[in-house]
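Q: Throw the hints in and build the complete structure from the sequences for me.
Taken in order, these protein sequences are the chains called A and B. Sequential numbering of the first sequence, starting at 1, is according to the working numbering. Sequential numbering of the second sequence, starting at 1, is according to the working numbering.
No lab work stands behind these hints, which were simulated from the structure alone. Some hints here could point you the wrong way.
To be verified - Derived Cβ-Cβ restraints for the label pairs, each shown as a range:
no. : chain 1 : residue 1 : chain 2 : residue 2 : range
1   : B       : Leu153    : A       : Glu58     : 43 to 51 Å
2   : B       : Ala185    : A       : Asp201    : 54 to 62 Å
3   : A       : Ser27     : B       : Arg14     : 38 to 46 Å
4   : A       : Ala124    : B       : Gln31     : 24 to 32 Å
5   : B       : Ile128    : A       : Gly5      : 49 to 57 Å
6   : A       : Gly33     : B       : Ile36     : 51 to 59 Å
7   : A       : Ala218    : B       : Cys124    : 55 to 63 Å
8   : B       : Ala185    : A       : Ser61     : 39 to 47 Å
9   : A       : Pro166    : B       : Trp258    : 35 to 43 Å
10  : B       : Ala15     : A       : Arg72     : 21 to 29 Å
11  : A       : Asp201    : B       : Arg14     : 48 to 56 Å
From a predicted model like this one, the values you see are computed outputs, not experimental measurements. In this text, a Cβ means the ideal position worked out from N, Cα and C, and glycines have one as well.
One-letter residues, chain by chain:
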Amino acid sequence: MSSPGPAVEVTHLRKSYGSLLAVDDVSFSVAPGEIFGVLGSNGAGKTTTVECVIGLREPDSGTIRLLGLDPRADRKQVHEILGVQLQESAFQAKLRVGEILDMYRTFYRGPADTGQLAEALGLAGKRRDYYRSLSGGQRQRLSVALALIGRPRIAVLDEMTAGLDPQGRRDAWRLVDQVRDRGTTVMLVTHFMEEAERLCDRVALIDAGRIVALDTPAGLVARAKGGKTVRFLPSGPFDEALLTGLAEVTRVERDGRYVVVTGTGELVNAVVLALHEAGVDARDVRLDEASLEDAFVRLTAEHEHDQGGRS
Amino acid sequence: MSGRYASVRPRAPRAAFGAILRNEARLVWRQPAGAISAIGFSVLILVILGELPVFGKPSSQLSGLTPFQIYIPILISFSIGVLALVYLPGPLVSYRELGILRRLSVTPVPASWVLAAQLTVQACLMLIATAIILVTSIAFFGQHAPGNPGGFLLALVLSIAALFAIGLWIAAVTRTSGAVRGISAVILYPLLFFSGLYYPVQLMPSVMLDISHFTPLGAVVQATVYPMFGEFPPTSPLLVLAAYALVFGFLARRFFRWE
Chain A
1 MSSPGPAVEV
11 THLRKSYGSL
21 LAVDDVSFSV
31 APGEIFGVLG
41 SNGAGKTTTV
51 ECVIGLREPD
61 SGTIRLLGLD
71 PRADRKQVHE
81 ILGVQLQESA
91 FQAKLRVGEI
101 LDMYRTFYRG
111 PADTGQLAEA
121 LGLAGKRRDY
131 YRSLSGGQRQ
141 RLSVALALIG
151 RPRIAVLDEM
161 TAGLDPQGRR
171 DAWRLVDQVR
181 DRGTTVMLVT
191 HFMEEAERLC
201 DRVALIDAGR
211 IVALDTPAGL
221 VARAKGGKTV
231 RFLPSGPFDE
241 ALLTGLAEVT
251 RVERDGRYVV
261 VTGTGELVNA
271 VVLALHEAGV
281 DARDVRLDEA
291 SLEDAFVRLT
301 AEHEHDQGGR
311 S
Chain B
1 MSGRYASVRP
11 RAPRAAFGAI
21 LRNEARLVWR
31 QPAGAISAIG
41 FSVLILVILG
51 ELPVFGKPSS
61 QLSGLTPFQI
71 YIPILISFSI
81 GVLALVYLPG
91 PLVSYRELGI
101 LRRLSVTPVP
111 ASWVLAAQLT
121 VQACLMLIAT
131 AIILVTSIAF
141 FGQHAPGNPG
151 GFLLALVLSI
161 AALFAIGLWI
171 AAVTRTSGAV
181 RGISAVILYP
191 LLFFSGLYYP
201 VQLMPSVMLD
211 ISHFTPLGAV
221 VQATVYPMFG
231 EFPPTSPLLV
241 LAAYALVFGF
251 LARRFFRWE
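A: Below is the structure:
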C-alpha cells in the first residue's frame, strides 16, 4: 500500500450507440476512499459511463482501470472487489428479502453482516417479506444493500436514492459515509444536487457525453457563479475603487441604492471592514451563495453555448 | 495490467450455487403451476385411463400392448415436454427481462449458474414425475418396473437433453415473458399431438406414425416404450433425440443473450 494508485481511472472513454455519441472522450480518476459524484441531467451519458466502468459495456475506445484491473479482461478479479447498484434491476417476485440477501452473501468472500446491513437500510423488519410486496423505496434499499454486501473496495451506485423518501435518503447517505470510512471508494451517479453536495468529495459534471466541469462541490459553485454575492445598502457615498481593489472582490455593481459585490473567500468581512475604515456603514447586508444546482444549470448552459447549440 | 489483484485467480464460492439452487427450488414450490401440470395432470390422466376397462384390452395395432400401457411413456413425454418447453424458458426469459441475469453478471458468480440451477430443478421435477407415473402404474394398475432399466435411463437422459435444448432455444429467441408463453404453446401442442397424448399415433394412418418418430416427443415415447417392456431402445429415436439435443443446443448457445 506504499503508493496506492487511483481506485478508478478512466482515460479517453468513448462510446456510441449507432450514430448517437453517448460518451465523448471522458477522463477522470478517483482516489481510494473518495466519494466521487457523476452528475448530469437525464441522457447526459452518466449511466453509459458507469456501465463501461463496471464492465457491462465495452467502450469503443479508451481505457478503464479499477485498482489497476481491466473491468472486461480481468472481470473475475474485478467482480470480487466491486459492488454495484444498477438502475432498473429487479428480483424474483416470490423470493423473500432475507433469501435474496443470504444468496448474494454467498457470492463473496468476507461478506458484510446481512443483519447489520438490513438494519442500516431500514429493512430489518422486511426480511420475511416477498420482494413483490416491497414498495419502490424498499426495493431501492435492497438494491443498495446488495451493492454493499460483498464489502466491496469500490462501490458504484447509480441513482442510489431514486424513489427514496427523505428518511430513506438520509439512511442511504449515512450508510455511504460509513462505508467510505471503512475505506471503500464510492462512485455515485446522481442528478440530485443535494446528494452530491452532501456526500461527494469531488463531482464530475457530465453534459452531452462530455465532462464540462470536475471539481469539489464548493469549487463548482464558485466557478459557475464567480463565487458569492454580497448585497448591501451603504450609509453614504463612497469610491467603488475602495472595494474593487480588494483581493476578495471580482465585481461591483449598483442596483438602485443598493451595491452588489461579487467575489470569493471571506467576502462579507472584507467588504464591511473596508467600508468601515472609510467611515461608511453597510446596512441590510445579505449574502447569496450559489447552490450546486445553480452551478449545474450555469455550467451546462455554457457548455451548450460552446457547442454551438448542439443538443 | 498488473494490479495487486491480477495475480489472484478467484473462483466463485461453491456455496453460491447451493444458495441459487435453493432459491430456484423455493420458487418452484411457491409457483407450483409447472409441477402441478407435469406431475398432477399426468397422474390424474393415468388414473382415469387405468379405470377405463377399454384401455386394459391388448391391441394388435399396439403390438399386443394395452392402450393403458402405451399411455405410460406418452404421459412421461408429456411431463418432460411441458416442463422443458414452458416452465424452463418462462423464468429464464423473465429473469433476463427483469435484469436479474444482468445484475448477476456483475457479481463473482456467472449468470449461467442460474440457468444451471433452473435445469437442475426442472430435471428433478421430470425425474419425480417419471417416478410417480411408474410407481402409480405398478402399485395400482398391475404394471411392472421397466424391464431394461439401463436402456430406460439412457432413453430418459437423452429425452431430457433434447427437450432442454429446445426449451433453451425458445428462451434464446424470445424477448418477453408474453412472447415466451405464446411460442411455447405453439410448439408444445402439435408436439403433444404427435406424441399421441390426444389419441395414440399407433392407431392413426402410418404416415402419422412416421412423422411422429421424427418429432421430439414422439421420439421420447418410442425411445422409452421399448425398455419399459424389456428391450433396449431402438437406435433411430435415440439418434433423433441426440440430433435435437445437438442442433438446438448449438442454436441456443449461439443466440442466447444475458441481457
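Q: Hint by hint, say whether it matches the structure.
A: Quick rundown of the hints versus the structure:
1. B/Leu153 <-> A/Glu58: 43 to 51 Å: 44 Å, holds
2. B/Ala185 <-> A/Asp201: 54 to 62 Å: Holds, since B/Ala185 and A/Asp201 (Cβ atoms, about 56 Å apart) stay within the stated range.
3. A/Ser27 <-> B/Arg14: 38 to 46 Å: With Cβ atoms ~40 Å apart, the hint holds.
4. A/Ala124 <-> B/Gln31: 24 to 32 Å: Hint holds: Cβ distance 27 Å, inside 24 to 32 Å.
5. B/Ile128 <-> A/Gly5: 49 to 57 Å: About 54 Å separates the Cβ atoms of B/Ile128 and A/Gly5, which means 49 to 57 Å holds.
6. A/Gly33 <-> B/Ile36: 51 to 59 Å: This hint holds: roughly 54 Å between Cβ atoms.
7. A/Ala218 <-> B/Cys124: 55 to 63 Å: 60 Å, holds
8. B/Ala185 <-> A/Ser61: 39 to 47 Å: 46 Å, holds
9. A/Pro166 <-> B/Trp258: 35 to 43 Å: At 36 Å between Cβs, range holds.
10. B/Ala15 <-> A/Arg72: 21 to 29 Å: 27 Å, holds
11. A/Asp201 <-> B/Arg14: 48 to 56 Å: Cβ of A/Asp201 to Cβ of B/Arg14: about 39 Å, so the range 48 to 56 Å is violated.
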